[in-house]
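2 protein chains.
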Amino acid sequence: MNRHVVIIGAVALGPKVASRLKRCAPDTKVTLLDRDRLISYGGCGIPYYVGGDVQDISELRKTMYHMERNEQFFKNVKHFDVLTGKEVTAIDRAAKNVTYRDLDTGMEKNLSYDVLVLATGTTPVLPPLPGTDLTNVYTVSNLHDARAIKEQLTSGGIESAVIVGAGAIGLEMAEAFADLWGVEATVVEMMDHVLPTAVGPDMAGIIQKQLKDNGVSVLAKTKVMEVLGDAQSRVTAVKTSAGEIPCQAVIFSVGVRPNSGLAADAGLSIGGHGGITVNARLQTSDPNIYAGGDCIEQRHLISGESLVLPLGSLANRQGRVIANNIAGRNEQFKGVIGNFCVKLFDIGVARAGLTVQQARNVGFDPEYALVVQPDRAHFYPTSAIMYLKLIADKKTRQVLGIEALGPNGDAVKARVDAVAAVLPYKVDCQDISNLEVCYSPPYSSAMDIVNVAGNVLQDILDGLNQPVFPQELADTFPGSGAVVLDVRHPDQARFGVEKYKEQWLNIPLEEVPDRISEVPRDKPVYIYCNTGTRSYEVQRYLNSKGWDRVFGVQGSYAVLKHLAPDLDERE
Amino acid sequence: MNRHVVIIGAVALGPKVASRLKRCAPDTKVTLLDRDRLISYGGCGIPYYVGGDVQDISELRKTMYHMERNEQFFKNVKHFDVLTGKEVTAIDRAAKNVTYRDLDTGMEKNLSYDVLVLATGTTPVLPPLPGTDLTNVYTVSNLHDARAIKEQLTSGGIESAVIVGAGAIGLEMAEAFADLWGVEATVVEMMDHVLPTAVGPDMAGIIQKQLKDNGVSVLAKTKVMEVLGDAQSRVTAVKTSAGEIPCQAVIFSVGVRPNSGLAADAGLSIGGHGGITVNARLQTSDPNIYAGGDCIEQRHLISGESLVLPLGSLANRQGRVIANNIAGRNEQFKGVIGNFCVKLFDIGVARAGLTVQQARNVGFDPEYALVVQPDRAHFYPTSAIMYLKLIADKKTRQVLGIEALGPNGDAVKARVDAVAAVLPYKVDCQDISNLEVCYSPPYSSAMDIVNVAGNVLQDILDGLNQPVFPQELADTFPGSGAVVLDVRHPDQARFGVEKYKEQWLNIPLEEVPDRISEVPRDKPVYIYCNTGTRSYEVQRYLNSKGWDRVFGVQGSYAVLKHLAPDLDERE
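Chains as they are written, first to last, in the working numbering: chain A, 10 to 580; chain B, 10 to 580.
Next up, chain A with everything else stripped away, as it sits in the complex (with noise of 0.2 Å):
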């Protein structure tokens, strides 16, 4: 008889499973179940379809060319078969079966497997506050929410709506409601800034500059205490710990809890953040049992830690492997950088590898770079800004991690995805100086961003950079004394000359050496430009010549006008 594998959840790991698996081994009978009559869809379009740049939910469920992923799609084109609206109750590892309850009749069946797979996913949280059963308090996890949030939106009624918690789900539904619906949308977050796991406070200061810039707000170190209604249940306002902010909707996106209920009770084993625990063939401590994707713990290549992270490409990457291992292959799925993009409005955010908080938290003495350039050569028309962090240890000088932003959200990634490509061999900053991109003036400088970040963080590990950050900058000056010496065009240190005096001295940049007696020795010097290259160059000369206490403010201008506007208002 064929062997018979059983596969619970029918989202993305499930179903690339069993396509897979049965075009590497065609004679295994495979049976996929799924409580929901919705599966197989693309749930990070969500946030697409409700600001409507998918105008027809049933794209998300559908392939390149064009077919529904249905039951019928499956067992024609697939050769599977797909039991919807069927619960799995129970697993019993000794008789090799699983109960489900048929959701329409009410009914238990039992289905023996020889092999079973565990495609369970993630619920996301819902807090336990007062109203959150309230009408039109939603959270995101699935195309039910999803036509329910746009149901609502389309019907009217919603001129106000509070996401809670700023993850990258909840900062695409806010720009979602703010960009096509014209919904006042504030973002509330707990922790210090949006993207919290994702990017350090310099990258979010110019991410939530970004959100206002575009109509929404954020207030973050925000705790959300109770969800108010009125007497019909919908929602009236959400309170916070920074008051009542009055709206229609709220949207919880707080992150979410693994489905490893089932797991548990059959005695699998579950690791400390509550996935299911699997090995590097991503095998359960059942060996019959695999699981993969949203429901599991990884292992993070870098921290060695083990994390849940819920993303449609590594659970499509995972079934691939799943499939392999159960068609008799031997491969395994070695861990994870973290890679991780959104877009927001006009900029596009990617990030790979440990934030510096992460770094420290897992015992990392780190240190970064924080390096501001044009995305492609600077005399090419259509080239930006582009913002580049790098991490690296201080002692062993691996690096550890990479965020980036800019406009063109391809050229982002692409700096993120060829640095996050190398991370796992434990490289060092060197690595990055010499790492090898492709150069056309059209898509890079000849001296590509990546590279100079790998030097700038080389030259502040040797010391011979001695960066003062611009948070610190917008959080001392002018308070502290210091000096800042402005290096750029008189035009452009006019605002911060008028406004701070003698605090705020204006030599530019090649009349330095002629004016350098000009530079005070007493006092910190904060060497500013627009994106902190001739700070740099500036810092050295005045190095050379014998003044210690002058720092160059990383990024200068350029990240100074989102995170202390009002600092130098050169625009």
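No lab work stands behind these hints: they were computed from the structure.
In this list, chains with the same sequence are indistinguishable; a pair is considered to hold if it fits within one copy or across any two.
Straight-line distance between alpha carbons at most 27 Å, and here's what the computed BS3-like set of lysine-lysine pairs gives:
{"id": "1", "residue 1": "343", "residue 2": "404"}
{"id": "2", "residue 1": "343", "residue 2": "435"}
{"id": "3", "residue 1": "87", "residue 2": "532"}
{"id": "4", "residue 1": "508", "residue 2": "532"}
{"id": "5", "residue 1": "118", "residue 2": "87"}
{"id": "6", "residue 1": "554", "residue 2": "87"}
{"id": "7", "residue 1": "570", "residue 2": "71"}
{"id": "8", "residue 1": "218", "residue 2": "570"}
{"id": "9", "residue 1": "554", "residue 2": "84"}
{"id": "10", "residue 1": "38", "residue 2": "554"}
Keep in mind the model is a prediction, meaning the values are calculated, not measured.
Chain B: place on chain A using the hints.
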């Protein structure tokens, strides 16, 4: 006394060495010599100046902060001396000095050095043919050429031009001529196709179609014999092995020759390609003399062979390594992977590693996958088709090269740079299947095209995927007697069915199980769809039912519409 570092050549590497050295070791005396007066320019920007993207030629000489990089700039801002109009005529290694001639006065002088750096670049090859001395015969190597060509275009009188050599510069110049100036541009290439050292014939075929659609003719496998002129010594035509092409201007872009004569005369070691030989620290055979950039021989990290690879990006990275080594560090430049990109009208092309032919030439046994897929989630509005070719050795499965193209050049570059980054680590296809890249619908599919390419190539090497490559179909069908099994919708298959009758069988994907008996068993069956995805699905299904002479057409219609547009005129 301070050390004196003399640098010969002030375009890319020279100024980089000098600037970096002054930042690392400010006490060093640095002198830069160049025979030209126009120095430190972005030579790669020349086609964009000629084509009008860059209005003012001085832009190519400016920093990001808009200062012109001339002698004064280097003195005031970078703190070293530049002597222009000085041609170095000899190196006396024993005496450690160089002799240079002042090109204005003709006077010769000596300059002693402690360390010498050769940044002498290359000279474009002008083949020894009759007529290359006529007016309006150009090479593209420096700003003087650029200015002359543009003046010629501006003053009118050029209705058609011949570009000899279909490398990046030749094609960029052809675009500049055709696009801005409406000049009828013909590119003549001796080898089989455009970009012969960068991509294989299939990718080149797609590029040639793109060029043709934009009014640039390409004559491949064609030799230039002579440039013909009139009584005023003005070009009138180019005589080629394919006939005479009337034109008023000729650009030779057939390659470059490293300027290594000075080094050779001084007894330094020269490689087989005429470049200066250096070690990983970029020292020549004389440890007091460094060399880098276009004039040296690079080591290819995959083939192990040496090559000359003139790229401003390599020159800049190597300049830093040289400066660091002179400053007393010990840094290495390990070699090159050959990343390369070019923008041609509306598509971006990028590649890295070896082509199939190059791999074969150095003893690999290459196999490849040709994958066609949207560059972002297919439901995202701006998604566009990307073409990607991944090459690996059959036996070891080591990935040897990647080629990609598509309308979104930054997205193309993102894929190539990510894969190129891991090539030095001798990865296999499985590593590309699981290469972690940033995922979000606006920037990629959940199964990104690079991962898919890894999968397809594995499947081909495992014998699961039995490909027929589009060029083979184009070359042999319908004469070969094979049958095309078109699994698309009948509307899309109509042209083929009507034209090729029983040799073009249409069974839509989902009907294959029911109509399987219609599929011939006695002749080769080429399974055909829009991009190759469905073809593979059906190929595996037919295999499982006992068919073995069934082959999936890689890339299918999406590739054939470029390579052989008459074969299936769907649109």
